[in-house]
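Can you build the whole structure from these sequences, using the hints too?
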Amino acid sequence: MPDIVEINDLRKAYADGFEALKGVTLKIKQGEILALLGPNGAGKTTLISTVCGITTATGGTVKVGGHDTITDYRAARGMIGLVPQEINLEPFEKVISTVRFSRGLFGKPKDDAALEKILRQLSLWDKRDSQIRALSGGMKRRVLIAKALAHEPRVLFLDEPTAGVDVELRRDMWEIVAGLKADGVTIILTTHYIEEAEAIADRIGVIAHGELLLVEDKNKLMARMGKKQLQVHLTKPIDAVPASLVSDALTLSEDGSTLIYTYDTRAERTGITKLLSDVAAAGLVLTDLETSQSSLEEIFVDLLKEDAA
Amino acid sequence: MNWIAVNSIYKFEMARFFRTITQSFVSPVLSTSLYFVVFGAAIGSRIQEVEGISYGAFIVPGLIMLSVITQSISNASFGIYFPKFIGTVFELLSAPINFIEIVLGYVGAAATKALFIGVIILMTAFFFVDITIAHPFWMVVFLVLTCISFSLFGFIIGIWAGNFEQLQLVPLLIITPLVFLGGSFYSISMLPPVWQVISHFNPVVYLISGFRWSFFGAADVPIVTSLLAIAGFTALCLAVIWWIFRTGWRIRQ
Ligand SMILES: Nc1ncnc2c1ncn2[C@@H]1O[C@H](COP(=O)(O)OP(=O)(O)OP(=O)(O)O)[C@@H](O)[C@H]1O
Ligand SMILES: [Mg+2]
Numbered sequence: 001m002p003d004i005v006e007i008n009d010l011r012k013a014y015a016d017g018f019e020a021l022k023g024v025t026l027k028i029k030q031g032e033i034l035a036l037l038g039p040n041g042a043g044k045t046t047l048i049s050t051v052c053g054i055t056t057a058t059g060g061t062v063k064v065g066g067h068d069t070i071t072d073y074r075a076a077r078g079m080i081g082l083v084p085q086e087i088n089l090e091p092f093e094k095v096i097s098t099v100r101f102s103r104g105l106f107g108k109p110k111d112d113a114a115l116e117k118i119l120r121q122l123s124l125w126d127k128r129d130s131q132i133r134a135l136s137g138g139m140k141r142r143v144l145i146a147k148a149l150a151h152e153p154r155v156l157f158l159d160e161p162t163a164g165v166d167v168e169l170r171r172d173m174w175e176i177v178a179g180l181k182a183d184g185v186t187i188i189l190t191t192h193y194i195e196e197a198e199a200i201a202d203r204i205g206v207i208a209h210g211e212l213l214l215v216e217d218k219n220k221l222m223a224r225m226g227k228k229q230l231q232v233h234l235t236k237p238i239d240a241v242p243a244s245l246v247s248d249a250l251t252l253s254e255d256g257s258t259l260i261y262t263y264d265t266r267a268e269r270t271g272i273t274k275l276l277s278d279v280a281a282a283g284l285v286l287t288d289l290e291t292s293q294s295s296l297e298e299i300f301v302d303l304l305k306e307d308a309a
Numbered sequence: 001m002n003w004i005a006v007n008s009i010y011k012f013e014m015a016r017f018f019r020t021i022t023q024s025f026v027s028p029v030l031s032t033s034l035y036f037v038v039f040g041a042a043i044g045s046r047i048q049e050v051e052g053i054s055y056g057a058f059i060v061p062g063l064i065m066l067s068v069i070t071q072s073i074s075n076a077s078f079g080i081y082f083p084k085f086i087g088t089v090f091e092l093l094s095a096p097i098n099f100i101e102i103v104l105g106y107v108g109a110a111a112t113k114a115l116f117i118g119v120i121i122l123m124t125a126f127f128f129v130d131i132t133i134a135h136p137f138w139m140v141v142f143l144v145l146t147c148i149s150f151s152l153f154g155f156i157i158g159i160w161a162g163n164f165e166q167l168q169l170v171p172l173l174i175i176t177p178l179v180f181l182g183g184s185f186y187s188i189s190m191l192p193p194v195w196q197v198i199s200h201f202n203p204v205v206y207l208i209s210g211f212r213w214s215f216f217g218a219a220d221v222p223i224v225t226s227l228l229a230i231a232g233f234t235a236l237c238l239a240v241i242w243w244i245f246r247t248g249w250r251i252r253q
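Residue numbers (our numbering), protein chains in the order written: chain A, 1 to 309; chain B, 1 to 253.
Warning: the hint list may mix true and false statements.
Examples of chain B residues lying across from chain A (beta carbon under 7 Å, computed) [said to hold, decoys possible]:
(1) Ile-4
(2) Ser-8
(3) Gly-87
(4) Thr-88
(5) Leu-93
(6) Pro-96
(7) Phe-99
(8) Arg-252
Derived pair list, reagent style BS3-like, types lysine-lysine, alpha-carbon separation capped at 25 Å [claimed, not checked]:
(9) Lys-11(B) <-> Lys-117(A)
(10) Lys-140(A) <-> Lys-84(B)
(11) Lys-108(A) <-> Lys-84(B)
(12) Lys-11(B) <-> Lys-94(A)
(13) Lys-94(A) <-> Lys-84(B)
(14) Lys-11(B) <-> Lys-127(A)
If you're looking for bench data, these hints aren't it; they were derived computationally from the structure.
Here a beta-carbon is modelled for each residue, glycine too, at the ideal position from N, C-alpha and C.
Okay, here's the thing in structure tokens:
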């Protein structure tokens with residue numbers, strides 16, 4: 001797949017001199033879902049705002065669909081839809097008129113059928129004539145999404161789309177995102193819910209202090225960085241790890257019936273074979289083996305710890 | 001040009017106006033009627049004539065200008081300040097539009113509203129006094145140009161303003177005095193010589209004088225000077241707006 005967004009050495013220093021982006025280079029593939037993770041103040045919103053034209057970069061370039069976002073801003077911006085982090089809506093407007101306005105701003109001719117489809121997809125059709133102030137927070141967020149989709153963008157930026165959204169709506173949101181992906185829309189989303197990234201992203205980027213620490217295929221990332229645990233269930237509980245087996249990687253469960261071996265999938269040798277033969281040599285009989293992989297969350301926390309160190 | 005975007009902004013802003021049509025309509029009619037009662041009937045009965053025109057009729061152009069100028073400024077400044085205040089301005093900044101299109105939409109809507117109010121006041125005036133318009137074409141030209149130039153000015157104030165107080169500040173501290181001292185309710189020639197000289201530094205004098213000329217054929221200053229003054233003011237506002245969007249001043253971080 002070709003790259004639809006090319007961010008090259010992007011820098012942003014705010015008026016007060018604060019450097020929110022310190023040279024970010026990132027290529028986003030057409031049709032993928034990229035999740036951007038990073039602690040508060042990492043620069044996620046700044047990155048999105050700079051790509052979308054809300055803030056001006058102090059260095060670097062951005063191309064969307066091959067169009068430079070400064071010199072060819074009309075073509076570039078026309079491809080982008082943006083759902084901002086803050087719920088910014090005019091309280092007295094009706095849902096349908098604010099969505100129609102968004103479509104018009106992007107120069108697309110009136111098309112009520114297209115808007116109906118979008119509003120139905122987001123379960124907002126029944127609310128189309130309601131004033132925005134009469135909607136719940138989750139509905140307002142969906143109105144923002146409807147506005148962003150009103151001009152049928154090819155690239156959609158979702159800045160924390162599920163912040164403050166209940167579990168059910170979060171699932172709905174994931175389905176909407178999956179549906180958009182199926183339509184060929186490229187999606188970049190930021191989130192603090194790692195299970196969200198784990199559930200829907202194709203690739204994961206991690207930002208901290210205005211720098212992109214890594215971008216990688218989600219599964220590869222988890223395989224590469226994930227620590228796995230092997231649980232060895234014993235027929236008879238033991239009081240302590242036999243002396244011949246003692247190592248940092250091995251612990252005994254509280255009830256003494258399971259040995260837990262932690263290993264790194266990145267390591268050349270996992271040490272599993274040796275462990276198993278040592279277990280047998282120690283005269284322990286096993287009933288079962290089980291492996292589990294660390295979640296993205298643990299990977300993320302580890303990564304930030306490394307960065308801080 | 002992204003005309004669809006211009007039209008969308010224009011319609012969106014006009015819809016806001018028509019939602020509150022009663023207020024938009026009633027308040028200028030009421031205040032104009034009050035002016036006629038107070039200035040026209042009560043004071044006017046003692047002044048009789050100014051430059052051969054009954055005082056009630058004489059104040060009509062000034063009254064229209066007073067409303068049109070304040071309306072233009074408040075409509076346009078609020079129109080662009082409000083999205084900044086509630087945050088929806090992000091949409092304007094991320095849309096494939098340039099500053100000319102944004103200005104056309106917002107200033108166009110603000111000027112239309114002000115023009116609408118101006119026409120209502122004129123119609124109200126017909127109920128109170130006898131007026132014939134000597135140069136209808138030029139009257140329309142002055143009215144439209146005033147709506148546009150002061151809407152441009154209001155747009156600048158709306159971008160500059162950091163809070164609602166500042167939004168009110170310029171109209172209150174600068175515009176209202178300039179308009180009142182600009183000959184809305186008197187002829188400059190009625191002033192002592194020193195004040196006549198000072199008045200010539202007040203740009204609004206040229207506007208009101210020109211506008212009054214279009215009604216009665218008599219002016220305080222040459223009509224060409226009036227037209228040049230308003231053209232110059234419009235050009236100045238356009239230049240400032242061009243600079244604002246070039247630098248992103250107060251809108252794009
Ligand atoms: N207008 C501004 N002026 C100065 N500094 C700013 C401005 N906007 C953001 N910053 C700073 O830039 C840094 C990055 O902010 P940004 O909003 O991009 O973070 P984020 O990753 O989106 O955080 P969050 O997860 O909290 O949304 C922060 O330190 C923030 O204080
Ligand atoms: Mg953010």
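Structure-based check of all given hints:
1. Ile-4: The hint holds - Ile-4(B) has a Cβ within 7 Å of chain A, the shortest such distance being about 5 Å.
2. Ser-8: Ser-8(B) check passes; min Cβ-Cβ to chain A is 3 Å, inside 7 Å.
3. Gly-87: 3 Å, holds
4. Thr-88: Holds - the Cβ of Thr-88(B) comes within 7 Å of chain A, reaching about 5 Å at its closest.
5. Leu-93: 5 Å, holds
6. Pro-96: Holds. Min distance 4 Å.
7. Phe-99: Given a least distance of 12 Å, the restraint on Phe-99(B) is violated.
8. Arg-252: Holds, because the Cβ-Cβ distance from Arg-252(B) to chain A comes to roughly 6 Å (cut-off 7 Å).
9. Lys-11(B) <-> Lys-117(A): 23 Å, holds
10. Lys-140(A) <-> Lys-84(B): 19 Å, holds
11. Lys-108(A) <-> Lys-84(B): Measuring from Cα to Cα gives roughly 24 Å; hence the hint holds.
12. Lys-11(B) <-> Lys-94(A): Roughly 14 Å between the alpha carbons, so the hint for Lys-11(B) and Lys-94(A) holds.
13. Lys-94(A) <-> Lys-84(B): Between Lys-94(A) and Lys-84(B) the Cα gap is close to 19 Å, so the pair holds against 25 Å.
14. Lys-11(B) <-> Lys-127(A): 22 Å, holds
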